[in-house]
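Undergrad: Take a look at the letters that make up each chain.
Number of protein chains: 2
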Amino acid sequence: MIGDVPNVETGQEYSTRRLAHEAGVHRPLQAGICGTKRTGAESIVVSGGYKDDEDYGDVIVYTGHGGQNGAGNQVSDQSLDDSGNSALVTSYLEGLPVRVLRGYQGDGLFAPAAGYRYDGLYRVTSYGSKLGIDGFLIWQFRLEAYDDTPAPPAAQQPELPTAPNQSKSAAVPGNETPERITSTVQRIVRSSAVKRQVKAWHDNRCQTCDLRIDVPGGSYSEGAHIRALGSPHNGPDTTGNVLCLCPNCHVMLDAGAIIFEDDLTVIRGGQPAGTLRTDPRHTIDLECIRHHRDRWRQ
Amino acid sequence: MIGDVPNVETGQEYSTRRLAHEAGVHRPLQAGICGTKRTGAESIVVSGGYKDDEDYGDVIVYTGHGGQNGAGNQVSDQSLDDSGNSALVTSYLEGLPVRVLRGYQGDGLFAPAAGYRYDGLYRVTSYGSKLGIDGFLIWQFRLEAYDDTPAPPAAQQPELPTAPNQSKSAAVPGNETPERITSTVQRIVRSSAVKRQVKAWHDNRCQTCDLRIDVPGGSYSEGAHIRALGSPHNGPDTTGNVLCLCPNCHVMLDAGAIIFEDDLTVIRGGQPAGTLRTDPRHTIDLECIRHHRDRWRQ
Numbered sequence: 001m002i003g004d005v006p007n008v009e010t011g012q013e014y015s016t017r018r019l020a021h022e023a024g025v026h027r028p029l030q031a032g033i034c035g036t037k038r039t040g041a042e043s044i045v046v047s048g049g050y051k052d053d054e055d056y057g058d059v060i061v062y063t064g065h066g067g068q069n070g071a072g073n074q075v076s077d078q079s080l081d082d083s084g085n086s087a088l089v090t091s092y093l094e095g096l097p098v099r100v101l102r103g104y105q106g107d108g109l110f111a112p113a114a115g116y117r118y119d120g121l122y123r124v125t126s127y128g129s130k131l132g133i134d135g136f137l138i139w140q141f142r143l144e145a146y147d148d149t150p151a152p153p154a155a156q157q158p159e160l161p162t163a164p165n166q167s168k169s170a171a172v173p174g175n176e177t178p179e180r181i182t183s184t185v186q187r188i189v190r191s192s193a194v195k196r197q198v199k200a201w202h203d204n205r206c207q208t209c210d211l212r213i214d215v216p217g218g219s220y221s222e223g224a225h226i227r228a229l230g231s232p233h234n235g236p237d238t239t240g241n242v243l244c245l246c247p248n249c250h251v252m253l254d255a256g257a258i259i260f261e262d263d264l265t266v267i268r269g270g271q272p273a274g275t276l277r278t279d280p281r282h283t284i285d286l287e288c289i290r291h292h293r294d295r296w297r298q
Numbered sequence: 001m002i003g004d005v006p007n008v009e010t011g012q013e014y015s016t017r018r019l020a021h022e023a024g025v026h027r028p029l030q031a032g033i034c035g036t037k038r039t040g041a042e043s044i045v046v047s048g049g050y051k052d053d054e055d056y057g058d059v060i061v062y063t064g065h066g067g068q069n070g071a072g073n074q075v076s077d078q079s080l081d082d083s084g085n086s087a088l089v090t091s092y093l094e095g096l097p098v099r100v101l102r103g104y105q106g107d108g109l110f111a112p113a114a115g116y117r118y119d120g121l122y123r124v125t126s127y128g129s130k131l132g133i134d135g136f137l138i139w140q141f142r143l144e145a146y147d148d149t150p151a152p153p154a155a156q157q158p159e160l161p162t163a164p165n166q167s168k169s170a171a172v173p174g175n176e177t178p179e180r181i182t183s184t185v186q187r188i189v190r191s192s193a194v195k196r197q198v199k200a201w202h203d204n205r206c207q208t209c210d211l212r213i214d215v216p217g218g219s220y221s222e223g224a225h226i227r228a229l230g231s232p233h234n235g236p237d238t239t240g241n242v243l244c245l246c247p248n249c250h251v252m253l254d255a256g257a258i259i260f261e262d263d264l265t266v267i268r269g270g271q272p273a274g275t276l277r278t279d280p281r282h283t284i285d286l287e288c289i290r291h292h293r294d295r296w297r298q
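Each protein sequence line maps, in turn, to chains Y and U.
Following this note's numbering, the numbering of the first sequence begins with 1 at its first residue and continues without gaps.
Following this note's numbering, the numbering of the second sequence begins with 1 at its first residue and continues without gaps.
Do not take every clue at face value.
Stated by the list, open to error - With a cut-off of at most 16 Å between alpha-carbon atoms, the simulated EDC-like pairs for lysine to aspartate or glutamate come out as follows:
#1 U/K130 with Y/D294
#2 Y/K51 with Y/D77
#3 U/K37 with U/D82
#4 Y/K130 with Y/D214
#5 Y/K130 with U/D82
#6 U/K37 with U/D203
Unchecked claim - So these bits of chain Y aren't anywhere near chain U, every CB distance computed over 12 Å:
#7 D4
#8 G49
#9 G72
#10 L121
#11 G128
If you're looking for bench data, these hints aren't it; they were derived computationally from the structure.
All residues carry an ideal CB built from backbone N, CA and C; glycine is no exception.
Bound-form chain Y, shown alone:
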């Protein structure tokens, strides 16, 4: 499952991977990434297995899966065809939360002293490839804690001996938590289950302009409410009120630059511009189409 596991609090500790597995926090016993391209990544383990990883607490730079020998060295290129890596791409494209489990083998301030600790939900805010320390291609994913994810506890570091004339404040900082790294603003918003259903029916192809945005490792679309949620529009959160659109058509729908006739003709700039593509599994709620049209009657 994606998201928090019922009855498991952030900060929960497990002495072994098996116990974390049994709790449903991270199901595989070996793999660092749980998930598939189709579902997205459920969870990852941050445990120092990749030397290019970086852990800032609320920001993690996580190296993808693959290409290692038994000694933890990269010996070949990583690929987005790897199921775990493509799962993290889907998490990015769908804006889905990823559970983070930190292990005692991890480097830096935030690894638990022993065993494993569930540190709550993060989201993937960027990714990309580079040549890793060992000279092979690696994929890296930036994960950021959600605003309401508690900060992971930082380990106490032994205080460094200071020379008599050396100002203490100039020494290596002790147990201070690093400041939050400048956050990248996430332009992708989380897809709800209703939106994911509609996007799956249409295979991410825009119902208005027929575009599908293909990117390395996946494709991208947005679920768009026809009749907006909340007052004053009060649209329902149902598949009949959601369209699969490219981001451009989504902006135009929300700001009234496209409206639809009852026969699903698309009206753009006052002129007919094709017909909304439909699918037998996806019944569009005409009442919502009419409400949206009325909202932009000008």
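Please build the complex by placing chain U on the supplied structure of chain Y, with the hints as guidance.
TA: Using the frame of chain Y, we list chain U on its own:
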């Protein structure tokens, strides 16, 4: 200015509009909306001047400006050509915060008992037109408090007398604050000053595909960092590292579906696909172009 006024806390009260004016919280002495189409709306006053308004505390349905006679009745249609209304459209399209001042004349639980109260920052999450109570076209804007905006204090309501056999819990709720109305997820993210500069230079026209998304009352584009901010990419937040893109090209840039050669040729799906459009005022940082390209070398 857009955003919080320095040294003014949310909850600050003013006995008159003039004092709020002098504090810089809401500068006009009469108008309900402060701002222009170019700048966006700085602030609004919620004071019951329009009978179609709705105030749920953290969500406000705010009727635009115009079309009233002196007695507060609509006597003609409102228009997005009105400067205040188009300012709120810009606030929506740019994702800019709007200061909310509530006045004692307002209806409902959240009006202050006397004078005016600054209730912090809200954002415009949707808008549209409809026939108002008086039968003329009005424009309405949904504003939502940011997650970190304190909830406005709700007035005490007199407790309703309950019949002896009537369960108290079935009575009209007393001074309880209404629950948060289902939030619409905002797909538009706030533009920083750097991004707004780049978008202004390019008049919201995509530098990659030349599209400008025109909507009623404005046009829309996104500022996109070429080299991503934060670890591991560590791009600078400068105009040289920002492009003006349509949302579709923004997704493709961030996920590596388009990269650029040093001569600014756009490469899409491995093939040249035009050239990045430039502007004499906008010098693009080639180091960022190269870093982005390296990130998607695969």
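Undergrad: Each hint needs a verdict: does it hold in this structure or not?
TA: Tested hints:
Proposed proximity of U/K130 and Y/D294 is supported: the alpha carbons are some 7 Å apart, at most 16 Å. Only pairs whose Cα atoms come within 16 Å are accepted, and Y/K51 paired with Y/D77 is accepted, the gap being roughly 15 Å. Restraint check for U/K37 and U/D82: the C-alpha separation of about 9 Å stays at or below 16 Å, so the hint holds. At most 16 Å may separate the alpha-carbon atoms for a hinted pair to count; Y/K130 and Y/D214 exceed this at roughly 21 Å.
Annotation: proposed proximity of Y/K130 to U/D82 is violated, straight-line Cα distance about 51 Å (limit 16 Å). For a cut-off of 16 Å, the pair hint linking U/K37 to U/D203 stands: about 14 Å separates their Cα positions. Under the 12 Å C-beta cut-off, the non-interface status given to Y/D4 relative to chain U holds; the minimum distance is some 18 Å. With a least CB separation of 17 Å from chain U, Y/G49 remains clear of the 12 Å interface cut-off, as annotated.
Annotated as non-interface, Y/G72 keeps its C-beta farther than 12 Å from every C-beta of chain U; the closest such distance is 19 Å. Annotated as non-interface, Y/L121 keeps its C-beta farther than 12 Å from every C-beta of chain U; the closest such distance is 16 Å. At the 12 Å boundary, the C-beta of Y/G128 falls inside the reach of chain U, the nearest C-beta of that chain being 3 Å off.
Checked against the numbered hints given earlier, the structure breaks hints 4, 5, 11 and satisfies all the rest.
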